[in-house]
Amino acid sequence: MKSNDIPTLSRRSFLKTSAGVLAASGLAWPGNVQAGEPGRLATLIDLSLCDGCTDREVPACVSACKTINRDTIPPVADPIPVPWPRKTVEDWSRKREVSDRLTPYNYLYVHRAEVEQDGEPKILFVPRRCMHCDNPACATICPFSANHKHENGAVVIDQDLCFGGAKCKTVCPWEIPQRQSGVGIYLHVMPDYMGNGVMYKCDLCNDRLVRGEQPACIDACPKKAMLIGLRREITALAEERARQMNGHIYGKDENGGTSTLYVSPVPFERINRTMKKEPGRPGMKPGVERQMAATDAVGKAVLASPLLGIAAGAAGAFKWLAGRKSRLTEGGKKDG
Amino acid sequence: MDDKILREKGRVVRHSIVELLEHWAIALSGLALVLSGMFEMPMANRYYISSVPGLAWSADFIVSLKVHYAASIVFVAAALFHAVYHGLRGDRGMIPRKGDIRTSIEVVKSFFGKGKEPPFHKYLPEQRLAYVGMVVIIAMLIVSGLVKTWKNIYAPDMSYTVVLWATWVHNIGFVLFVLAFLAHMAAIVLKPNRPMLRGILTGAVSLDYAGHRHPLWIAEIEGAQAAKGEPPAPPTEVASVPGEAEAPPDDAAGETEALPIETRESPSPAGNDAAAQKS
Numbered sequence: 003m004k005s006n007d008i009p010t011l012s013r014r015s016f017l018k019t020s021a022g023v024l025a026a027s028g029l030a031w032p033g034n035v036q037a038g039e040p041g042r043l044a045t046l047i048d049l050s051l052c053d054g055c056t057d058r059e060v061p062a063c064v065s066a067c068k069t070i071n072r073d074t075i076p077p078v079a080d081p082i083p084v085p086w087p088r089k090t091v092e093d094w095s096r097k098r099e100v101s102d103r104l105t106p107y108n109y110l111y112v113h114r115a116e117v118e119q120d121g122e123p124k125i126l127f128v129p130r131r132c133m134h135c136d137n138p139a140c141a142t143i144c145p146f147s148a149n150h151k152h153e154n155g156a157v158v159i160d161q162d163l164c165f166g167g168a169k170c171k172t173v174c175p176w177e178i179p180q181r182q183s184g185v186g187i188y189l190h191v192m193p194d195y196m197g198n199g200v201m202y203k204c205d206l207c208n209d210r211l212v213r214g215e216q217p218a219c220i221d222a223c224p225k226k227a228m229l230i231g232l233r234r235e236i237t238a239l240a241e242e243r244a245r246q247m248n249g250h251i252y253g254k255d256e257n258g259g260t261s262t263l264y265v266s267p268v269p270f271e272r273i274n275r276t277m278k279k280e281p282g283r284p285g286m287k288p289g290v291e292r293q294m295a296a297t298d299a300v301g302k303a304v305l306a307s308p309l310l311g312i313a314a315g316a317a318g319a320f321k322w323l324a325g326r327k328s329r330l331t332e333g334g335k336k337d338g
Numbered sequence: 007m008d009d010k011i012l013r014e015k016g017r018v019v020r021h022s023i024v025e026l027l028e029h030w031a032i033a034l035s036g037l038a039l040v041l042s043g044m045f046e047m048p049m050a051n052r053y054y055i056s057s058v059p060g061l062a063w064s065a066d067f068i069v070s071l072k073v074h075y076a077a078s079i080v081f082v083a084a085a086l087f088h089a090v091y092h093g094l095r096g097d098r099g100m101i102p103r104k105g106d107i108r109t110s111i112e113v114v115k116s117f118f119g120k121g122k123e124p125p126f127h128k129y130l131p132e133q134r135l136a137y138v139g140m141v142v143i144i145a146m147l148i149v150s151g152l153v154k155t156w157k158n159i160y161a162p163d164m165s166y167t168v169v170l171w172a173t174w175v176h177n178i179g180f181v182l183f184v185l186a187f188l189a190h191m192a193a194i195v196l197k198p199n200r201p202m203l204r205g206i207l208t209g210a211v212s213l214d215y216a217g218h219r220h221p222l223w224i225a226e227i228e229g230a231q232a233a234k235g236e237p238p239a240p241p242t243e244v245a246s247v248p249g250e251a252e253a254p255p256d257d258a259a260g261e262t263e264a265l266p267i268e269t270r271e272s273p274s275p276a277g278n279d280a281a282a283q284k285s
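Chains as they are written, first to last, in the working numbering: chain A, 3 to 338; chain B, 7 to 285.
Treat each hint with caution, since some may be false.
Pairs of lysine to aspartate or glutamate residues, derived as EDC-like cross-links and limited to a Cα-Cα distance of at most 20 Å, are as follows [said to hold, decoys possible]: (1) A:Lys171 to B:Glu112; (2) A:Lys278 to A:Glu118; (3) A:Lys97 to A:Asp57; (4) A:Lys327 to B:Asp97; (5) B:Lys234 to A:Glu332; (6) A:Lys321 to B:Asp97; (7) A:Lys321 to B:Glu46; (8) B:Lys72 to A:Asp298; (9) B:Lys104 to B:Asp66; (10) A:Lys171 to A:Glu280; (11) A:Lys327 to B:Asp8; (12) B:Lys72 to A:Glu242; (13) A:Lys171 to B:Glu28; (14) A:Lys89 to A:Asp194; (15) A:Lys321 to B:Asp8; (16) B:Lys154 to A:Asp160; (17) A:Lys321 to B:Asp66; (18) B:Lys115 to B:Glu132; (19) A:Lys302 to B:Glu46; (20) A:Lys287 to A:Asp298; (21) B:Lys154 to A:Asp298; (22) A:Lys279 to A:Asp160.
I should point out that these hints are in silico values taken from the structure, not numbers from a laboratory.
These numbers were taken from a predicted model, which means no experiment stands behind them.
Please take these sequences and the hints and turn them into a complete structure.
This is the structure:
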């Protein structure tokens, strides 16, 4: 497919979008800022275009991400405190160059998938990073709210607040966040007994988004295989491209919906089968369910519980008051 | 006021069934919330709690969130029931009164053998102060918890400032709640307070205890009963003179110098009625 045939989103359109999101960011009250509503950003990763930059040592997107995040992690404590009682230490500071999996120093890698399409062998390249989910459990149940979904859709870990307990990794269906021990606020509290570093992952280059710039990986892609724009436009674009290539979309419904839409000419089930699901190398199982959905019903009951208490309290008190009034009336009659 | 002297049984009704249900609903759901809230921290796996047979679920954040939510339905509903029910009834027995701070210090001193306790109303002055503290802590937990729940379900991308406030109010509220709970347990361990344990378990305390330690309360009940036209109680029970109570335990009542209840200085029935309405 020639790139000319592909519906695109211009840089000008993206910049207009960013400005709009920035203008809207002053309004923050819940209800009008639900993820998935107009104003959110989304990204598109077109697997029919990504060639994995096989002519380079490291794919351009990965290289750009590494460059821009070279100094993200502060110097690591030496020696790194060994936590008690489970003595897990995760130190990637001496393996910063690793680029073929997710690490605290590498937020994007490209998976090579050897698949079959129409009986013919085919190689696809799948850039993998945080999906920036619409309702990300990693952020909503972070005990210190060090991880948050911002109004533009980016899910960002604040490394100054994170204790590195890795809860976000446990609840992420793709186990995306990666821990670096020996850095972060926990060193100043009780490093032996609480916390174990800081969790790192792609933040969609949120700082750049705020400045109206595109994420570094998208800027760097020589094939324009990745795009960012208004969510509804990206969604429409992904659907259009999938229709044109008789292909498939990943990320629209997975984990309750995400801000990352992959478009592929090959079913994702087949791509998923080529993935080993090792630490730092997530799978791509279609239809991954949002675990937190199982708690929504009882959570809604929590939101209703104040009304239940107020209604029961009022009913009880009025019953008591009515009883007292009738007793007083009876007493008055007797006295009379 | 529903408090009542049951002379034939030697008891005073201190808490209605509704109040007992409120207390235990808050207490038990509160403990479930503390436990499930702690398991919302990534500690069960690190500290091998989830390796203990039967506690494997403690490392599952979704399970502990479900437990946390379920317990908070009881906790929040009971707390708001309490506020509305007693607010509308005009119950004011636990609202601090003037001089409670000063008197509380005297009472605490008396626990350590310095000086004597003053005569009490239904509640000790430090109980009234502790009540306000607990109200503030529970309000912090409920408001911030509701914001966090709303965020989890409907608005993961709500203002980060609001989320951080809710999170830290909730976390600090948790620490204060645990400290308040420990203080509550410590208070009931103190010997002079122990007879009140029976009150929160059965709804009634011994008349001997109440007569000696809470004479102002007994006077209020008697005043209220007199105002209703109920016959005065026979002077068979004992009570110490206000100001000279030594807060004896139940079994020590007989050792105290006893005076007929009528000899106590007691406000007029009209005054008692007003007091009763406010307790």
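Hints, one by one, checked against the model:
no. : hint                 : verdict
1   : A:Lys171 to B:Glu112 : 53 Å, violated
2   : A:Lys278 to A:Glu118 : 17 Å, holds
3   : A:Lys97 to A:Asp57   : 23 Å, violated
4   : A:Lys327 to B:Asp97  : 16 Å, holds
5   : B:Lys234 to A:Glu332 : 12 Å, holds
6   : A:Lys321 to B:Asp97  : 15 Å, holds
7   : A:Lys321 to B:Glu46  : 40 Å, violated
8   : B:Lys72 to A:Asp298  : 9 Å, holds
9   : B:Lys104 to B:Asp66  : 49 Å, violated
10  : A:Lys171 to A:Glu280 : 13 Å, holds
11  : A:Lys327 to B:Asp8   : 15 Å, holds
12  : B:Lys72 to A:Glu242  : 40 Å, violated
13  : A:Lys171 to B:Glu28  : 39 Å, violated
14  : A:Lys89 to A:Asp194  : 9 Å, holds
15  : A:Lys321 to B:Asp8   : 14 Å, holds
16  : B:Lys154 to A:Asp160 : 18 Å, holds
17  : A:Lys321 to B:Asp66  : 44 Å, violated
18  : B:Lys115 to B:Glu132 : 12 Å, holds
19  : A:Lys302 to B:Glu46  : 19 Å, holds
20  : A:Lys287 to A:Asp298 : 23 Å, violated
21  : B:Lys154 to A:Asp298 : 12 Å, holds
22  : A:Lys279 to A:Asp160 : 27 Å, violated
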